[in-house]
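Asks: Here is how the chains run, residue by residue.
There are 2 protein chains.
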Amino acid sequence: MTKDGAIGVFDSGIGGLTVLKELLTRLPGESFVYFGDTARVPYGTKSVETVLRFSRENVTFLLDQSVKFIVVACNTASASAVPRLQREFRIPILGVIEPGVRAAVERSRTSKIGVIGTAGTIRSGAYQNGIKQLDPQAEVMAKPCPLFVPLAEEGWVDTPVTELAARTYFDGFLDDGIDVLVLGCTHYPLLAGVIGRVVGDGVALVDSAVETASEVRRALERDDLLSEGAPGDFTIYLSDIAPDFQQVGERILERPIPDVRLRPV
Amino acid sequence: MTKDGAIGVFDSGIGGLTVLKELLTRLPGESFVYFGDTARVPYGTKSVETVLRFSRENVTFLLDQSVKFIVVACNTASASAVPRLQREFRIPILGVIEPGVRAAVERSRTSKIGVIGTAGTIRSGAYQNGIKQLDPQAEVMAKPCPLFVPLAEEGWVDTPVTELAARTYFDGFLDDGIDVLVLGCTHYPLLAGVIGRVVGDGVALVDSAVETASEVRRALERDDLLSEGAPGDFTIYLSDIAPDFQQVGERILERPIPDVRLRPV
Chain A
1 MTKDGAIGVF
11 DSGIGGLTVL
21 KELLTRLPGE
31 SFVYFGDTAR
41 VPYGTKSVET
51 VLRFSRENVT
61 FLLDQSVKFI
71 VVACNTASAS
81 AVPRLQREFR
91 IPILGVIEPG
101 VRAAVERSRT
111 SKIGVIGTAG
121 TIRSGAYQNG
131 IKQLDPQAEV
141 MAKPCPLFVP
151 LAEEGWVDTP
161 VTELAARTYF
171 DGFLDDGIDV
181 LVLGCTHYPL
191 LAGVIGRVVG
201 DGVALVDSAV
211 ETASEVRRAL
221 ERDDLLSEGA
231 PGDFTIYLSD
241 IAPDFQQVGE
251 RILERPIPDV
261 RLRPV
Chain B
1 MTKDGAIGVF
11 DSGIGGLTVL
21 KELLTRLPGE
31 SFVYFGDTAR
41 VPYGTKSVET
51 VLRFSRENVT
61 FLLDQSVKFI
71 VVACNTASAS
81 AVPRLQREFR
91 IPILGVIEPG
101 VRAAVERSRT
111 SKIGVIGTAG
121 TIRSGAYQNG
131 IKQLDPQAEV
141 MAKPCPLFVP
151 LAEEGWVDTP
161 VTELAARTYF
171 DGFLDDGIDV
181 LVLGCTHYPL
191 LAGVIGRVVG
201 DGVALVDSAV
211 ETASEVRRAL
221 ERDDLLSEGA
231 PGDFTIYLSD
241 IAPDFQQVGE
251 RILERPIPDV
261 RLRPV
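Sequence order for the protein chains is A and B. My numbering numbers the first residue of the first sequence as 1 and each following residue consecutively. My numbering numbers the first residue of the second sequence as 1 and each following residue consecutively.
Keep in mind that a hint or two might mislead.
A short list of chain A residues far from chain B (calculated; beta carbon distances all over 12 Å) [said to hold, decoys possible]:
#, residue
1, LYS3
2, ILE91
3, LYS132
4, LEU134
5, ASP135
6, VAL203
7, ALA204
8, SER214
9, ARG217
10, GLU254
11, ASP259
Quick partial rundown of chain A residues pointing at chain B, CB under 10 Å, derived from the structure [what the hints assert, rightly or not]:
#, residue
12, ARG123
13, GLY125
14, LEU147
15, PRO160
16, TYR237
17, ASP240
Treat the hints as calculated values from the structure; they're not laboratory data. Ideal Cβ placement from N, Cα and C applies to all residues, glycine included.
Please put together the full structure from these sequences, using the hints given.
Replies: So this is what it looks like as structure tokens:
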């Protein structure tokens, strides 16, 4: 590996642009290649076997772009596929689970930690097991919240429907007194306002995107792969380009997206 | 074509089982092969090009199963792909739009017709144009309701969240006095209770699944392809088998699903 390659990022769709946004801020000297599998999004409702197969294809595509490091921005793929991908491929691969787990354990005073995510992420037990490995005393309350992704994609980020859905999902879930809640899906930070209001001030929200970007920087420094050259740029590939991508993508990334390339799967 | 082949049905996922259910009731002497593209579901948020590409692959798979007739149970694929598929393939292909359009025009007294569906179905204009062709005086109010699919798949078929979402979507939409509402997505009949309550008694709901099954029977009789043999059976292929498929699938189909076969895409 050399310092010259770009950093590859893949996600099931465009939610992972929240991770790319943090990476662009924290690693200004790097170039990025982002692949969003928008033709097959979402991954969160699909089986482990299918998520693993799609993830392998995504890694192979990024390797073809000569990347030096791969970030799996999708929580579902991180939970179901990253350990396997790390064994199968020689390139360094980092998912969003490990950084999210570490931040949750560091911030919790009560060792009572909540995790929300897609059905696939919660079913995998990846967050639950990771937290208990770092803190064997921890109690983990985990809850799938499948509607949060379509609510965020509909742009209903702070509406009565979203708040009522959050209250329904969190009914009973908060009784055990968690003090940290992991937003275990790239879309969920978009709903942080409503989620924070429903869970209350006493619960700290952990955003895996932010934690992962910091961890990527540390890993590149450690392996002497950090590029400090020209201001970085990014290229976005999608397997389907929906008519409203430009608008939705720029809202998430918070910067202009000059062009997007189609890579059918 | 002979009478012996099965009838092929494809959908973006498992919502099309509502169509299969009606077909099994109306065509008891037929066999069916159903393909649900669960690895790539949903189609409703994706571009026309991608939906057309996936639909062609699905037709080709069903042709490999020696079917005599193909029903496109997915509204999005019917809206975006059926006219092209009918030109490209020699086998008879019927989508759900045409039967839904005909029923809506027949039942409306006021010629004010509402249509709800996925973003892709509404954007295509297929229902709107179809209705205006049959009844040039018609006024069509069309509204995408993307959250209805994930709400139905979450099993929230009659909850306060679903009702509030319906009231939000229909706010202002009903002011023009429609007397018929087309449920232009295979999942929506599952929410018919809530939708009917919100739109009120004066609005008749058109279920394209029911209309399509009747139309298939007429088409087979006309082309002398109707099989009156042994009691029909069905085979279900999916491109991804989620852990909860059996439960969700049997709830939609309202009969046992003895086995399901994986056909990766």
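Asks: Are the hints correct? Go through all of them and say.
Replies: Verification of the supplied hints:
1. Chain B leaves LYS3(A) outside its interface by the beta-carbon criterion, the shortest separation being 37 Å against a cut-off of 12 Å.
2. The beta carbon of ILE91(A) is kept farther than 12 Å from every beta carbon of chain B, the shortest such distance being approximately 25 Å.
3. Distance check for LYS132(A) against chain B: the nearest CB is about 23 Å away, which clears 12 Å, and the non-interface claim stands.
4. Listed as outside the interface, LEU134(A) is consistent with that label: its C-beta sits roughly 28 Å from the nearest C-beta of chain B, beyond the 12 Å cut-off.
5. At roughly 29 Å from the closest C-beta of chain B, the C-beta of ASP135(A) stays outside 12 Å, upholding its exclusion from the interface.
6. With a least beta-carbon separation of about 22 Å from chain B, VAL203(A) lies farther than 12 Å from that chain, consistent with its non-interface assignment.
7. Once the 12 Å rule is applied to beta carbons, ALA204(A) is consistent with being away from chain B; the minimum gap is 26 Å.
8. Interface exclusion of SER214(A) from chain B stands, the closest Cβ pair being 32 Å apart, more than 12 Å.
9. Distance to chain B confirms ARG217(A) as a non-interface residue, since its nearest Cβ pair spans about 34 Å, more than 12 Å.
10. The beta carbon of GLU254(A) sits about 22 Å from the closest Cβ of chain B, which is more than 12 Å, so the claim that it is off the interface holds.
11. Interface exclusion of ASP259(A) from chain B stands, the closest Cβ pair being 16 Å apart, more than 12 Å.
12. Contact between ARG123(A) and chain B, as hinted, is supported at the beta carbon level, the nearest pair being about 7 Å apart and thus within 10 Å.
13. Of the supplied interface hints, the one on GLY125(A) is violated, with its beta-carbon coming no nearer than about 13 Å to a beta-carbon of chain B, more than 10 Å.
14. For LEU147(A), the interface hint holds, the least distance from its beta-carbon to any beta-carbon of chain B being 6 Å, beneath 10 Å.
15. Restraint check, PRO160(A) versus chain B: the minimum CB separation of about 6 Å is within 10 Å; hint holds.
16. Taken as an interface hint, TYR237(A) does not check out: its beta carbon lies about 14 Å from the nearest beta carbon of chain B, beyond 10 Å.
17. Hint status for ASP240(A): holds, given a least beta-carbon distance of 4 Å to chain B, under 10 Å.
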